[in-house]
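> Counting from 14, one number per residue, gives the positions in the sequence shown under the numbering used here.
Simulated from the structure, these hints should not be mistaken for laboratory data.
Where is the CB? At the ideal position from N, CA and C, for every residue including glycine.
Just so you know, nobody snuck in bad clues.
Cβ pair distances, simulated, as ranges:
id : residue 1 : residue 2 : range
1  : ASN46     : SER154    : 29 to 37 Å
2  : GLN45     : ILE114    : 23 to 31 Å
3  : GLY108    : THR31     : 31 to 39 Å
4  : ALA105    : VAL25     : 26 to 34 Å
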Amino acid sequence: MKDISEQRYYLVREDVLTEAMQKTLEVKKMLQNDRMSIMDAVNKTGLSRSAFYKYRDAVFPFHSIVKERILTVFLQLEDRSGTLATLLQAVAENGCNILTIHQTIPIQGRANVTLSLDVTAMDGDLDVFLHQLKKLDFVESADVVSSGAS
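Turn these sequences into a full structure, and let the hints guide you.
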């Protein structure tokens with residue numbers, strides 16, 4: 014898998030998606046609307062669970078991304094004084110609204126932070142923003158967990 018700073022996002026027509034990607038979108042819709050388990054939804058569509066987990070954070074309906082533009086990022090940070098404040102300042106400077114923050118207790122000099130961000134008013138490009146976060150000297154890793162309305 015590419016480094017997060019090298020990932021790009023594309024808008025593609027449904028007919029060029031693989032069958033597994035299309036079924037993943039169906040499963041996600043079922044999970045949201047019908048409140049069923051993942052196992053029931055993949056069985057109903059004929060999709061394997063492994064294929065669902067492979068594509069669930071990679072394919073999204075266009076309307077959900079346009080409507081909410083919520084991005085969830087998982088970061089691993091060095092445990093140093095002021096790192097969270099500096100990270101949040103960088104997020105704010107890019108025009109993102111912080112919806113939730115979860116930070117684990119630092120263990121062995123590292124803490125995990127999960128940020129849910131509303132990126133609707135973001136000043137620049139999403140790829141550039143993620144690259145900026147990754148370049149902060151205390152950020153050891155940064156991964157997109159999900160985006161869109163899911």
